[in-house]
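Please build the complete structure, drawing on both the sequences and the hints.
Per this note's numbering, the very first residue in the sequence shown carries number 15; after that it's consecutive.
Any given hint could be a false lead.
Claimed, not checked - Cβ-Cβ distance ranges computed for the label pairs, FRET-style:
(1) G150 x G128: 27 to 35 Å
(2) D137 x E100: 18 to 26 Å
(3) G47 x D137: 35 to 43 Å
(4) R126 x R48: 30 to 38 Å
(5) P71 x L133: 20 to 28 Å
(6) D58 x P96: 13 to 21 Å
(7) P71 x S46: 14 to 22 Å
(8) T130 x A34: 13 to 21 Å
(9) R151 x T130: 34 to 42 Å
(10) A142 x L59: 17 to 25 Å
(11) L133 x V95: 26 to 34 Å
(12) G92 x P119: 20 to 28 Å
Keep in mind the hints are simulated off the structure, nothing from the lab.
We put the beta carbon where it would ideally sit given N, CA and C, even for glycine.
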Amino acid sequence: MRLWNRVDALLYSTGRVRPAHTAVLKVSGRRSGRTTGVPVAVADLDGAEFLVSMLGPDVSWVRNVEAAGGSAVLRRRGRDVPVRLEGVLSRERAPILRRYVAVAPGARPHLRLGPTAPLAEFDRIAEAHPVYRVRGR
Numbered sequence: 015m016r017l018w019n020r021v022d023a024l025l026y027s028t029g030r031v032r033p034a035h036t037a038v039l040k041v042s043g044r045r046s047g048r049t050t051g052v053p054v055a056v057a058d059l060d061g062a063e064f065l066v067s068m069l070g071p072d073v074s075w076v077r078n079v080e081a082a083g084g085s086a087v088l089r090r091r092g093r094d095v096p097v098r099l100e101g102v103l104s105r106e107r108a109p110i111l112r113r114y115v116a117v118a119p120g121a122r123p124h125l126r127l128g129p130t131a132p133l134a135e136f137d138r139i140a141e142a143h144p145v146y147r148v149r150g151r
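Encoded structure:
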């Protein structure tokens, strides 16, 4: 998985391969201090953008974002954009999660829901999947 993440991050960061709703999230490592990049899907909803951890709270990028106080960089179309990632409360995540599975089909096996599932089903899993609102810095 890490090898494919590196390949995807390299491809997406060049700006030459641009699947819709993709970016590379760059954040400083909480222990190493080294900046690492991970491919992410960016969900758009009601004029805002969001990142979702389809694998839950115990993944490196989530821990690193939390340790960095939300400070990160999104690389899109070959350009780095400094951002601040703000955690979204569990009770507000359902519509964002539904939009996320619509734009990131690869996440569906992890969330075990499709884009037409009722919001109540997304409410049920919301606590297990951190969501961050993307803000400019």
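Structure-based check of each hint:
The hinted range of 27 to 35 Å is satisfied by G150 and G128, whose Cβ atoms lie roughly 32 Å apart. Checked against the given bound of 18 to 26 Å, the beta carbons of D137 and E100, roughly 20 Å apart, stay inside it. At about 37 Å, the beta-carbon gap between G47 and D137 stays in the expected band of 35 to 43 Å. At roughly 34 Å, the beta-carbon separation of R126 and R48 lies within the given 30 to 38 Å, and the hint holds.
Evaluation of the 20 to 28 Å hint for P71 and L133 yields a pass: the beta carbon distance comes to about 21 Å. Between D58 and P96 the Cβ separation comes to about 19 Å, which falls inside the hinted range of 13 to 21 Å. Between P71 and S46 the CB atoms are about 20 Å apart, so this pair conforms to the stated range of 14 to 22 Å. Range check, T130 to A34: about 19 Å between beta-carbon atoms, so the 13 to 21 Å window is met.
Judged by the Cβ atoms, the range 34 to 42 Å given for R151 and T130 holds: they are separated by roughly 36 Å. At roughly 19 Å, the beta-carbon separation of A142 and L59 lies within the given 17 to 25 Å, and the hint holds. Distance hint check: the CB atoms of L133 and V95 are about 30 Å apart, consistent with the given range 26 to 34 Å. Between G92 and P119 the Cβ separation comes to about 24 Å, which falls inside the hinted range of 20 to 28 Å.
Violation of the numbered hints given earlier is absent; every hint is satisfied by the structure.
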